[in-house]
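For this one, chain A is given, so just place chain B on it according to the hints.
These protein sequences, in sequence, are chains A and B. So the first sequence is residues 3 to 150, counted in the working numbering. So the second sequence is residues 1102 to 1241, counted in the working numbering.
Fair warning: there could be bad hints in the mix.
Unchecked claim - Here are the in silico distance ranges between beta carbons for each label pair:
| id | chain 1 | residue 1 | chain 2 | residue 2 | range |
| --- | --- | --- | --- | --- | --- |
| 1 | A | D37 | B | R1228 | 47 to 57 Å |
| 2 | A | S150 | B | E1156 | 50 to 60 Å |
| 3 | B | S1189 | A | D37 | 36 to 46 Å |
| 4 | B | P1233 | A | L33 | 46 to 56 Å |
| 5 | A | I10 | B | G1131 | 36 to 46 Å |
| 6 | A | A115 | B | N1157 | 50 to 60 Å |
As the list claims (entries may be wrong) - Below, computed lysine to aspartate or glutamate pairings styled on DMTMM-like, alpha-carbon distance capped at 25 Å:
| id | chain 1 | residue 1 | chain 2 | residue 2 |
| --- | --- | --- | --- | --- |
| 7 | B | K1105 | A | D120 |
| 8 | A | K83 | B | D1137 |
| 9 | A | K83 | A | D30 |
| 10 | A | K93 | B | D1172 |
| 11 | B | K1220 | B | D1172 |
Think of the hints as simulated: they come from the structure by calculation, not from any bench. Keep in mind the model is a prediction, meaning the values are calculated, not measured. For each residue, glycine too, the CB sits at the ideal point set by N, CA and C.
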Amino acid sequence: MSLPKRIIKETERLVADPAPGITAAPHDDNLRYFDVTIQGPDGSPFQQGIFKLELFLPEEYPMAPPKVRFLTKIYHPNIDKLGRICLDILKDKWSPALQIRTVLLSVQALLSAPNPDDPLAPDVAKHYKEDEQGAQRVSREWTQQYAS
Amino acid sequence: MAAKVPRNFRLLEELEKGEKGIGDGSCSYGLEDGDDIMMSNWNGTIIGPGHTVHENRIYSLKITCSESYPDAPPLVQFLSRVNLPFVSANGTVDPARLHVLASWTRASSLEHVLVEIRKEMASAANRKLPQPPEGSLFSD
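Just chain A, same shape as in the assembly (with noise of 0.2 Å):
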C-alpha cells in the first residue's frame, strides 16, 4: 500500500531542491508517475525549449530503471518517434545508485551531445552524420515548432 521510503525522499527532493531546468511533480493519483519538463541545454539545438517528458517508477524500482519517454516531438538522433530515449543508463548501465535526478540530468546532457554511432531515430542519425549543421537546423525548427 504505501510508497517505499526512497521514492518519497527522492520526491521531496525533486520538488523542494530542483535541477536547473528541470522540473518533476507526481501525479497525485499515481505517486510512480511523474510529469517532467526539461529545458533545452544553452548552446544546443534544443536551447530555449521546454520538452515534456513522462517518466514512472516501475514495481522493482530501484532494482529496475525508471522509464522515462518524450511527449514533445524532438528531433534527435537517440530520441524515436513515439519519444523513447536510448540510454545507457536507462537500460544495462542502470544501477540503484542512480536517481530520477540523476537521469533526468542524463536525459538533459543527452539534448548537448547527440550520439548518431547508437541511434534509435536513423534517419535523424543520418542526417547528423552526414550534415551535421543542416540536422542542427531542422532540431531548431522542431524546438521553436513543439518545444515553445
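Frame of chain A; chain B shown alone:
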C-alpha cells in the same frame, strides 16, 4: 499495492510485444501511425482459423485505446466484413457480447482481444456461419 503502470507506458509495452510478434502469428497488431505519440489508434489482423469458413481469410480490425485505457477496454471494429454474433452491422464489436471486453480488467490486453475473437471464429456455434465475400469491407 502494486505499482500501477500508466496508460502510455502500458501501451509502449504492448507495442514492443506486438513488434516482436505474438503467439504463432495468427493474430498481430501495431500502431496505425508510427508518429502517434498518444498511441490511440491501432491496426489488428486475424488470420481465419483452419477447418472453419474463415480458413485462409485475413481480417483487418481497427482498435482504439481511449484516455482511460487500460482501466477501460479498447473499442474494437472489424474493417473486413464478417458475420459473427458479436459484430454489429457496421463492424463494431459489441463489448457486452465478447467475454474479454465484458469482463475487462487491467490484466487484459490487445493480444487477448484478438486471440479471443479468433477463438470465437472457431467455436462450434460460429465456425460454419455463412460469410460475406472474401476481402469485402464494411465501408464498401
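Structure-based check of all given hints:
1. Here the CB-CB span from A:D37 to B:R1228 is close to 49 Å, well matched to the stated 47 to 57 Å.
2. Judged by the Cβ atoms, the range 50 to 60 Å given for A:S150 and B:E1156 holds: they are separated by roughly 55 Å.
3. Between B:S1189 and A:D37 the C-beta distance comes to about 39 Å, which sits within the given range of 36 to 46 Å.
4. The hinted range of 46 to 56 Å is satisfied by B:P1233 and A:L33, whose Cβ atoms lie roughly 51 Å apart.
5. Hint check: A:I10 to B:G1131, Cβ distance near 38 Å, so the stated range 36 to 46 Å holds.
6. Distance hint check: the CB atoms of A:A115 and B:N1157 are about 52 Å apart, consistent with the given range 50 to 60 Å.
7. Restraint check for B:K1105 and A:D120: not satisfied, since their Cα atoms lie roughly 31 Å apart, outside the 25 Å limit.
8. For the hint linking A:K83 to B:D1137, the alpha-carbon distance of about 8 Å falls within 25 Å, and the restraint holds.
9. The hinted pair formed by A:K83 and A:D30 fails the criterion: a straight-line CA distance of about 28 Å is larger than 25 Å.
10. At roughly 28 Å between alpha-carbon atoms, A:K93 and B:D1172 are farther apart than 25 Å, so this suggested pair is violated.
11. Distance check on the hinted pair: B:K1220 and B:D1172 sit about 24 Å apart at the alpha-carbon level, within 25 Å; holds.
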